[in-house]
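Heads up: the protein sequence lines correspond to chains B and E, in order.
When you read off a place in the first sequence, starting at 1, and then add 143, the result is the number in the numbering used here.
When you read off a place in the second sequence, starting at 1, and then add 143, the result is the number in the numbering used here.
Watch out, some of these pointers could steer you wrong.
To give an idea of the chain E side of the interface with chain B (calculated C-beta under 10 angstroms), a few residues [what the hints assert, rightly or not]:
#1 L222
#2 H225
#3 V228
#4 N467
#5 D485
#6 A486
#7 L488
#8 R497
Calculated lysine to aspartate or glutamate pairs in the EDC-like style (CA-CA distance at most 20 angstroms, straight line) [as the list claims (entries may be wrong)]:
#9 K506(E) <-> D456(B)
#10 K476(B) <-> D456(B)
#11 K476(E) <-> E296(B)
#12 K506(B) <-> D456(E)
#13 K499(B) <-> D456(E)
#14 K434(B) <-> E296(B)
#15 K476(B) <-> D456(E)
#16 K499(E) <-> D456(B)
#17 K434(B) <-> D422(B)
#18 K476(B) <-> E296(E)
#19 K334(E) <-> E296(E)
#20 K476(E) <-> D456(B)
Have a look at the derived ranges for each label pair, beta carbon to beta carbon [what the hints assert, rightly or not]:
#21 T332(B) <-> E326(E): 32 to 40 angstroms
#22 A170(B) <-> R272(E): 51 to 59 angstroms
#23 A493(E) <-> D512(B): 29 to 37 angstroms
#24 R510(E) <-> G385(B): 53 to 61 angstroms
#25 D512(B) <-> P484(E): 47 to 55 angstroms
#26 S508(E) <-> A213(B): 37 to 45 angstroms
#27 S508(E) <-> T295(B): 32 to 40 angstroms
#28 E296(E) <-> D485(B): 36 to 44 angstroms
#29 R510(E) <-> A223(B): 46 to 54 angstroms
Treat the hints as calculated values from the structure; they're not laboratory data.
Every residue gets a Cβ at the ideal spot worked out from N, C-alpha and C, and that includes glycine.
2 protein chains.
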Amino acid sequence: MTSPLERFYSVIPAGGIGSRLWPLSRADAPKFLHDLTGSGSTLLRATWDRLAPLSGEQRIMVVTGRAHRAAVETQLPDLADHNVVLESDPRDSSAAIGLAAAILVNREPDVIIGSFAADHVIRGDRLFRAAVTQAVATADAGYITAIGIQPTEPAIGFGYIHSGSPLDITGAESALLVDSFVEKPNLATAKKYVSGGAHLWNAGMFISRADVLLEELKRNQPELHAGLVELASVWDDPATRGPAVDRIWPTLTKIAIDYSVAEPAAAAGRLAVVPGHFDWDDVGDFASLAKLNSGGRKTDLAILGENARVLSDASSGIVVSQSNRVISLIGVKDIVVVDTPDALLVTTSANAQRVKSVVDALKLSGRDDVL
Amino acid sequence: MTSPLERFYSVIPAGGIGSRLWPLSRADAPKFLHDLTGSGSTLLRATWDRLAPLSGEQRIMVVTGRAHRAAVETQLPDLADHNVVLESDPRDSSAAIGLAAAILVNREPDVIIGSFAADHVIRGDRLFRAAVTQAVATADAGYITAIGIQPTEPAIGFGYIHSGSPLDITGAESALLVDSFVEKPNLATAKKYVSGGAHLWNAGMFISRADVLLEELKRNQPELHAGLVELASVWDDPATRGPAVDRIWPTLTKIAIDYSVAEPAAAAGRLAVVPGHFDWDDVGDFASLAKLNSGGRKTDLAILGENARVLSDASSGIVVSQSNRVISLIGVKDIVVVDTPDALLVTTSANAQRVKSVVDALKLSGRDDVL
Numbered sequence: 144m145t146s147p148l149e150r151f152y153s154v155i156p157a158g159g160i161g162s163r164l165w166p167l168s169r170a171d172a173p174k175f176l177h178d179l180t181g182s183g184s185t186l187l188r189a190t191w192d193r194l195a196p197l198s199g200e201q202r203i204m205v206v207t208g209r210a211h212r213a214a215v216e217t218q219l220p221d222l223a224d225h226n227v228v229l230e231s232d233p234r235d236s237s238a239a240i241g242l243a244a245a246i247l248v249n250r251e252p253d254v255i256i257g258s259f260a261a262d263h264v265i266r267g268d269r270l271f272r273a274a275v276t277q278a279v280a281t282a283d284a285g286y287i288t289a290i291g292i293q294p295t296e297p298a299i300g301f302g303y304i305h306s307g308s309p310l311d312i313t314g315a316e317s318a319l320l321v322d323s324f325v326e327k328p329n330l331a332t333a334k335k336y337v338s339g340g341a342h343l344w345n346a347g348m349f350i351s352r353a354d355v356l357l358e359e360l361k362r363n364q365p366e367l368h369a370g371l372v373e374l375a376s377v378w379d380d381p382a383t384r385g386p387a388v389d390r391i392w393p394t395l396t397k398i399a400i401d402y403s404v405a406e407p408a409a410a411a412g413r414l415a416v417v418p419g420h421f422d423w424d425d426v427g428d429f430a431s432l433a434k435l436n437s438g439g440r441k442t443d444l445a446i447l448g449e450n451a452r453v454l455s456d457a458s459s460g461i462v463v464s465q466s467n468r469v470i471s472l473i474g475v476k477d478i479v480v481v482d483t484p485d486a487l488l489v490t491t492s493a494n495a496q497r498v499k500s501v502v503d504a505l506k507l508s509g510r511d512d513v514l
Numbered sequence: 144m145t146s147p148l149e150r151f152y153s154v155i156p157a158g159g160i161g162s163r164l165w166p167l168s169r170a171d172a173p174k175f176l177h178d179l180t181g182s183g184s185t186l187l188r189a190t191w192d193r194l195a196p197l198s199g200e201q202r203i204m205v206v207t208g209r210a211h212r213a214a215v216e217t218q219l220p221d222l223a224d225h226n227v228v229l230e231s232d233p234r235d236s237s238a239a240i241g242l243a244a245a246i247l248v249n250r251e252p253d254v255i256i257g258s259f260a261a262d263h264v265i266r267g268d269r270l271f272r273a274a275v276t277q278a279v280a281t282a283d284a285g286y287i288t289a290i291g292i293q294p295t296e297p298a299i300g301f302g303y304i305h306s307g308s309p310l311d312i313t314g315a316e317s318a319l320l321v322d323s324f325v326e327k328p329n330l331a332t333a334k335k336y337v338s339g340g341a342h343l344w345n346a347g348m349f350i351s352r353a354d355v356l357l358e359e360l361k362r363n364q365p366e367l368h369a370g371l372v373e374l375a376s377v378w379d380d381p382a383t384r385g386p387a388v389d390r391i392w393p394t395l396t397k398i399a400i401d402y403s404v405a406e407p408a409a410a411a412g413r414l415a416v417v418p419g420h421f422d423w424d425d426v427g428d429f430a431s432l433a434k435l436n437s438g439g440r441k442t443d444l445a446i447l448g449e450n451a452r453v454l455s456d457a458s459s460g461i462v463v464s465q466s467n468r469v470i471s472l473i474g475v476k477d478i479v480v481v482d483t484p485d486a487l488l489v490t491t492s493a494n495a496q497r498v499k500s501v502v503d504a505l506k507l508s509g510r511d512d513v514l
C-alpha cells in the first residue's frame, strides 16, 4: 500500500484578478502573475515551487482562465498538459476545485488532493511542508482538512477556524477537529481569539481525499456536483471535452468552497484542521502589501518595483513602480502610490480596502482599457 | 511732442524655470511656456497679448535664455528679431532688465520701459491697462514706478509696498509716493496691512524712463551698470555683439532689480506706485495653482491637463496631468498630484513650498534627465 503523501496531488486555482490591488493587478495581469515580495518569482511560481517537493511537479494541477493559459505556461514550463484545466469563465472555487477533484478521482480513485491559492504569500517552507504532510495524513483518515494559520495578531480581515478536540491520527499529531468557521470578527473579538488559542486563520487551504470532497459537495450542492461529474467523465477525451464544457460549465453554481464543503463538513464533524506555524498573507490590499514589504517596520516606506526611482521623505506606506519614472513624495504619510504605464493610483493605507470601488467605477464608466 | 504711451516699450524677462512647479516646470519647459489656467495660452503668450494693446507688438522686447529661443519664437511669431535678447546664462533680473534698458535707450533716448514677468497670471485686462497707462505717465514725470496690487487677502507669500503721499501727476491720478518695501510678513502683520489700506503686493512690475532706471542702477551697482552699458554699446552690431557677450555677461553681478533699483529708489523718494485692481498671482507653487484653478472654491479638486482622466473622491487639492493615464485618488485631502511622462510628484498643498527641495535633491543625485 502506498503512503498518503505518495497519493497526494496539488491543485492550484489561479483565478482571481485581485481587484483591491488595481492598477497593479489587471484582468490580463492578475495578482498571481506578479512578484509582490521582490523575490524574483511571481506568486504563482512561488506556489508551484512550494508544492513541488510535496507532490512532485508531475502531480500539480492548475485551474485557470483561458485568457491566462499562455502566461501560466510561461511561468510553469514543467506543467504537464493533462494538468491544465481551463475555465471559459470564472465560476468560483467550488467549480474549480470540484472539477479538479472529479477529473483526478477518475484517473486515480484513492487520490488525495490539496488546494492552494496561487496568489498568497507564504514564508517558512519547512513549516509549510510539515503542516501539509500532517494534513495529508489527516485527509487519508477520511477528514476534509483545513490548514489553519496560527494568528500572530488580532487581524480583522480574515475568517477564523474555531478548533476543537485533538484527533488521534498517526502522522498528524497536531490535527484537531473543527468546531466551526467564524466570519471576519471585530477587533475585540479578534483579540479574544488570539489570546484564547483555539482560533486559527482560515487560509482557504483544504486537503482531502477527492472522493470525500465530492461526497460532501454532492450532499450540499447536488446539481453542481452532477455537472462536475458529467464534465469530468468526458474530460480526458479531446473530442467530447469541448462541447461538454460549452454546455455544462456556464450552468454551474458560483459558490465558494468554504460554503459548499468546508462549513457544512465542520457542522457535521467531518472537518479537521492542522495548525500551520509558517508566515502567511493573502495580500488582500495595498496596506497588506506595504506591511509585507516594509520588513515589519511600520516606519518604513515600502518600495516595490525593479526599476523604482523614488525620492521621498515619507515614513510609511508603499510605492509600487512599474515604470522607470522618478517618483517624488513630499510630506505625505501612510501613502499608497501605484504607478503603472496607463494608470496611477494615489490613496492611503487606511483607504486600501476601497480600491475595489475604483475598479467598479471604471467598469461602469466603460474604461475597460485600464481594467 | 509724443505722448508718454507712444514712447512706451514692454520688456518681458522670460527666465525663471519655476522650480516649485516641478515636474511640470523643467529646465527645457519652464513655467512661462505652460498654460496654467486652462485658457489655451501659455503664460508667455498671455503676457504678450496683454501688453500688445499698450505698446504695440513691434515694441515688446523679450529677454530669455538661449535654450528657450525656439520655443519663445514659436509662442510669439510676431516677435521682431531686434526685440530678442538672449542670455547665455541666467544672471537675475537686474542684468536682464538693465540690458534691455541700455539697448533701448541707445536706440531711443526718451524711451519708457516697463518690465513684466512672463510667468504671472493676470485677470482683468482693462484694469491692467488702466494701471499701466497711469504708471507710464508717472514714469514720464521721472519716477521709477511700481504697479502694486491691491491685496484681496492677508497673503504671507508676497512682499508688500508701503505707499505714502499722493503724487500730483496728470494722467496718473492714483499714483502715490512709495515709503518702503516690506519683506514677506507674518500673518498678523499681513492682516494689519490689508485692513490698513496703505500696503500693496509687490508684483515686480516696474515702469520707468530707461535713462532714469540706468541712473539708479549706476548709483547702486556701478560695475554692473558699466558692464551693461558696454554690452549695449556694441549690441546692435552683429560682428561685435557675440564676443562682447562672451566676455562681459559672465562677469555681471547677479542681483534682483528689487534690490539694485527699487528699494534704493524708494529710500531716496524716487519710487512711485500705482495701485492695480486686477487679479494677479505669481503662481509660486502648486497650492497657488490649485487655488487659481478651483474657481476660488476651497472644496473643489482642481484638474489641469487637456487629456486628464481623473477618478477621484478628493475634495481639495490639484491634479496636473500631462499624460492620458487614468489617475485615481481615494481618500486623500489637499493632495497635489503632478503626472508627467518621466516624473511623478505626490505632495499636499501644505507642503507645496518644499517642492524646490526635490529639485535640489535631484540635482545633487545627478538625475538631470528629469530636471
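Okay, the hints, checked on the actual structure:
For L222(E), the interface hint is violated, since its Cβ never comes within 10 angstroms of a Cβ in chain B; the closest pair sits about 34 angstroms apart. Below 10 angstroms, beta-carbon pairs count as interface contacts, and H225(E) has none with chain B, the closest being about 41 angstroms; its hint is therefore violated. Given the 10 angstroms rule on beta carbons, the hint for V228(E) is violated: about 34 angstroms separates it from the nearest Cβ of chain B. Against a cut-off of 10 angstroms between C-beta atoms, the interface hint on N467(E) holds, since the closest Cβ of chain B lies about 8 angstroms away.
With its C-beta approaching chain B no nearer than about 5 angstroms, D485(E) sits inside the 10 angstroms limit, and its interface hint holds. Against a cut-off of 10 angstroms between C-beta atoms, the interface hint on A486(E) holds, since the closest Cβ of chain B lies about 4 angstroms away. For the restraint placing L488(E) at the interface with chain B, the shortest Cβ-Cβ distance is roughly 5 angstroms, inside the 10 angstroms limit, so the hint holds. Taking 10 angstroms as the C-beta cut-off, the interface hint given for R497(E) holds, the closest approach to chain B being about 5 angstroms.
A C-alpha spacing of about 17 angstroms is found between K506(E) and D456(B), which places the hinted pair at or below 20 angstroms, so the restraint holds. Under the criterion of a C-alpha separation no larger than 20 angstroms, the hint pairing K476(B) with D456(B) is consistent with the structure, at around 9 angstroms. In summary, the hint linking K476(E) to E296(B) is not supported, as the alpha carbons are separated by about 30 angstroms, beyond the 20 angstroms threshold. For the hint linking K506(B) to D456(E), the alpha-carbon distance of about 17 angstroms falls within 20 angstroms, and the restraint holds.
The straight-line distance between the Cα atoms of K499(B) and D456(E) is roughly 14 angstroms, inside the 20 angstroms bound, and the hint therefore holds. With a C-alpha separation of about 13 angstroms, the suggested pair K434(B) and E296(B) falls inside the 20 angstroms cut-off, and the hint holds. Distance hint between K476(B) and D456(E) is fulfilled; the C-alpha atoms sit about 18 angstroms from each other, no more than 20 angstroms. Taking the CA atoms of K499(E) and D456(B), the gap is near 14 angstroms; set against the 20 angstroms cutoff, the hint holds.
The suggested pairing of K434(B) with D422(B) holds, with an alpha-carbon distance near 13 angstroms, which does not exceed 20 angstroms. A hinted pair counts as satisfied when its Cα atoms are at most 20 angstroms apart, and K476(B) with E296(E) does not qualify at roughly 30 angstroms. The suggested pairing of K334(E) with E296(E) holds, with an alpha-carbon distance near 8 angstroms, which does not exceed 20 angstroms. About 18 angstroms separates the Cα atoms of K476(E) and D456(B), which keeps this hinted pair within 20 angstroms; it holds.
For the pair T332(B) and E326(E), the beta carbons lie near 60 angstroms from each other, so the given range of 32 to 40 angstroms is not met. Taking the beta carbon of each, A170(B) and R272(E) are about 57 angstroms apart, inside 51 to 59 angstroms as hinted. Take A493(E) and D512(B): their Cβ atoms lie about 35 angstroms apart, and the range 29 to 37 angstroms holds. Taking the beta carbon of each, R510(E) and G385(B) are about 55 angstroms apart, inside 53 to 61 angstroms as hinted.
Checked against the hint of 47 to 55 angstroms, the C-beta distance between D512(B) and P484(E) comes to roughly 18 angstroms, which is inconsistent with it. For the pair S508(E) and A213(B), the beta carbons lie near 40 angstroms from each other, so the given range of 37 to 45 angstroms is met. Between S508(E) and T295(B) the Cβ separation comes to about 38 angstroms, which falls inside the hinted range of 32 to 40 angstroms. Checking the proposed 36 to 44 angstroms range against E296(E) and D485(B) shows it holds: the Cβ atoms sit about 40 angstroms from each other.
Checked against the hint of 46 to 54 angstroms, the C-beta distance between R510(E) and A223(B) comes to roughly 48 angstroms, which is consistent with it.
Hint compliance for this structure: hints 1, 2, 3, 11, 18, 21, 25 are broken, all remaining hints hold.
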